[in-house]
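Protein chains in written order, with this note's numbering: chain A, 1 to 145; chain B, 1 to 147; chain C, 1 to 490.
Simulated from the structure, these hints should not be mistaken for lab results. Watch out, some of these pointers could steer you wrong.
Claimed, not checked - The calculated label-pair distances, taken between Cβ atoms and stated as ranges, are:
| id | chain 1 | residue 1 | chain 2 | residue 2 | range |
| --- | --- | --- | --- | --- | --- |
| 1 | C | Ser-408 | B | Pro-74 | 53 to 59 Å |
| 2 | A | Thr-25 | C | Gly-30 | 33 to 39 Å |
| 3 | C | Gly-347 | A | Leu-8 | 28 to 34 Å |
| 4 | C | Val-226 | A | Glu-140 | 52 to 58 Å |
| 5 | A | Arg-54 | B | Glu-96 | 27 to 33 Å |
| 6 | C | Asn-416 | B | Ala-39 | 19 to 25 Å |
| 7 | A | Gly-70 | C | Asn-416 | 38 to 44 Å |
| 8 | C | Gly-293 | B | Pro-64 | 26 to 32 Å |
| 9 | C | Gly-338 | B | Thr-109 | 35 to 41 Å |
Given the structure is predicted, the values throughout are model-derived calculations rather than measurements. We put the CB at the ideal spot given by N, CA and C, even for glycine.
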Amino acid sequence: MVAATALLVGLWMTWGVASPLGGSTSRVITVEASQWQYSPGIITVHEGDRVTLRLKTDDVTHGFYLDGYGITTAVLPHETTELHFVASRPGRWMFRCSVTCGPFHPYMIGWLRVQPNTTLRWGWVAVGAISLAALYAAWEEGRGR
Amino acid sequence: MKKALTRILRVPGDLARRLPLPEWIALAAAIVAVALGPAAVLGYNRWASRDVITVKAVQWAFEPDTITLTAGVPAHLRLISEDVVHGFAIDGLGVEVDDLLPGHAVDITVIPRTPGTYDFRCTRYCGVHHGLMFGHVIVRPAPARSP
Amino acid sequence: MSADRHASAVATRDAVAPARPAPSREVFLGVVPATARLELTRVPLLRRLLASRWTTFVPTTVNLFLFAVILLAGVLGTPVGNANIAIVFIWILWWSALMLLLVPFGSRIWCGMCPLPVLGEWLQRRALVRRRLGPPAGRTWKWPKGLRNMWLVNGVFLGVAAFSGIITTRPWATAALLGAIMVLSTALFLLYERRTFCRYVCPVGGFLGLYANFAALEVRPKSTPVCLAHKEKECILGSAAGYGCPWLEQPTNLKRNTYCGLCFECFRSCSKDNMGLFLRPFGTDLLVDSHRGPDESWKAFIMLGAAAVYSATMMGPWGTLKDWANLRSLGGWAVFAGGLIALLLVGLPLLHGFFAWLSWRLAGRTVPLRRVFVNFSYHLVPLGLLAWVGFSFAILLPNGSYILRILSDPFGWGWNLFGTARLPWTPVLTAWLPVLQALSLLFGFVYSLDVAWKLARQTFADRRQAARAVLPQIVLLAGLTATFLWLFVG
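Build out the structure end to end from the sequences listed, making use of the hints.
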């Protein structure tokens, strides 16, 4: 039973790295920055993808910084700024505005999900495993050992 | 007033009695703490900007929008954005600041030679009324020297 | 530790242990006994330091100085938040310091150096640093009995939270809030007795008080027999050397950290030098069954819910939610505020209530449901605090660099006092942020499970009943942790 669980967990952990064998996808995503959000606010790619972000804005000068990757650029009004990177780090990373653009600038954040989100999965696995252990222990106590 | 305070709040009327030394020190420290910060800040700022003309840029105006200078006299301008990224240029005086980042003051020195009126404007698109952000620099002739 | 110091530490522990209610055999995480204590005041220097009246006066006055500067910055300084000391020092520096360091390791130590009540307290005592005998100034009314709980604090906190979008981004709003709290506190000090304001009104005090139960630091009497034999009760009534406990606590009888503000007056007033400062395991007071109540339960719900709402609004990708919090429209803000209040006052409590009801049923309904509900709300504290720790990492790592810039140009006026004013915004270690947040949550989860099991055994006399009762609580905690994990790293 433990082996079955481990197998299931292993399968789930690797699911999502289901890109075509031997290649990664190129993705081009246009992101519109405005006061004070990105649109789309959530971008999902797969680990290993070659990502091009086309950043534009129509109101004021914004910026773009990607947590974990450290990529930064300014985004000027009426211009398109292109960022190229390989999504080598899986997980969910916040991208945030790096140029002060008004009062809500510190909260101008979007999410980049690089699948598989191993941090989340490991976290959930940990919660599940700990819970199961705790439930089992409590169940045994409850029946009176 | 003191009588009213004494009655309402029951603050005993012995404020004039001598305080022990630690209390004097504490009182001095408290007064310094409360007053020193603001006084030092305001005083230092007055001194640091004594020859400085501060121009604030905000959506969508410059404050002040008219600056008066004298020909031949160097003028120190401090440009501060209060909200978003602006730009600043004075046509005819060779002043160009591409990035006026909010919270980062930019200090420039201008030495106007020729009297006249020069326009300055915002040079970074900053919203729908960006075109309304402009002002004037009036350069007066140098005062006549006594022989 | 040397042999005799160890012996006297054991002697201290044994002398103290009988005074502690109940959990004398509990062990946290299977490792640290709940009665483990390390008396810090065995170090003579520290004992002298705490007994000195200047130890409280100096940090408080330094903070008063900062407060005056911050208030001025809010009014006259740049409206750009990250260039204004008011925003950077309060919402980045102070808030992170509270959650990451001061509360877990210092209990309510911020209260001991908070500048907000000092003007009022100085006026009330008619003295700044000395112990002045005689009646205090002001009315010294007693706080109404019905409000001697956390309910008012909960309400004020919710009111502030509804405007958190504005308060945390506009320097003028931060200054207005702090100024208003100071005015209110000064007034209440002149109307009510002692630190009534700090205890029953201050919005910060609510979560400081509840989370202080998790803290690893405590003020307690060193020896109970000494207190029992000492009739004068100087720690409560005051003596020539110190005021009676300003927090309206009874130091001889201090069972939980909730309302101890670490002002160390009892160290000064006690003629037996019987007050001590102790290190202890995290979460100790959560097991102390003294003065528990639904007001504290709701504080736990509010803090847990606020961590989630703030994360979603401030760290989330949902622009509409941010617009609502930013008061872009009155209707939108009403949805935000209403949703916040509904989730924190009603939604989470209902969720908790459902699982408490399950526990109650599984245990055979032997204990009143209300007691089950209240007792089990205390295991939400470790998870809640660690969720705030995770949230604080997400504030500090990306934006901590502003602190360096602020030191040189606190008002955004173009100064450069220390040469750091032009430092660019520099996020730090953001690659580690998801891992840090996940680990914080997992630690909080494990600790909450541990506390939940201990609370179950405390609530239900029969061990089998307790085990059955804790089953739904495990599910609840797992669900909450999984949700926070998704919010932080999903």
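So, going through the hints one by one against the coordinates:
no., hint, in the structure
1, C:Ser-408 - B:Pro-74: 53 to 59 Å, "violated, 25 Å"
2, A:Thr-25 - C:Gly-30: 33 to 39 Å, "violated, 47 Å"
3, C:Gly-347 - A:Leu-8: 28 to 34 Å, "holds, 33 Å"
4, C:Val-226 - A:Glu-140: 52 to 58 Å, "violated, 45 Å"
5, A:Arg-54 - B:Glu-96: 27 to 33 Å, "holds, 29 Å"
6, C:Asn-416 - B:Ala-39: 19 to 25 Å, "holds, 20 Å"
7, A:Gly-70 - C:Asn-416: 38 to 44 Å, "violated, 27 Å"
8, C:Gly-293 - B:Pro-64: 26 to 32 Å, "violated, 59 Å"
9, C:Gly-338 - B:Thr-109: 35 to 41 Å, "violated, 54 Å"
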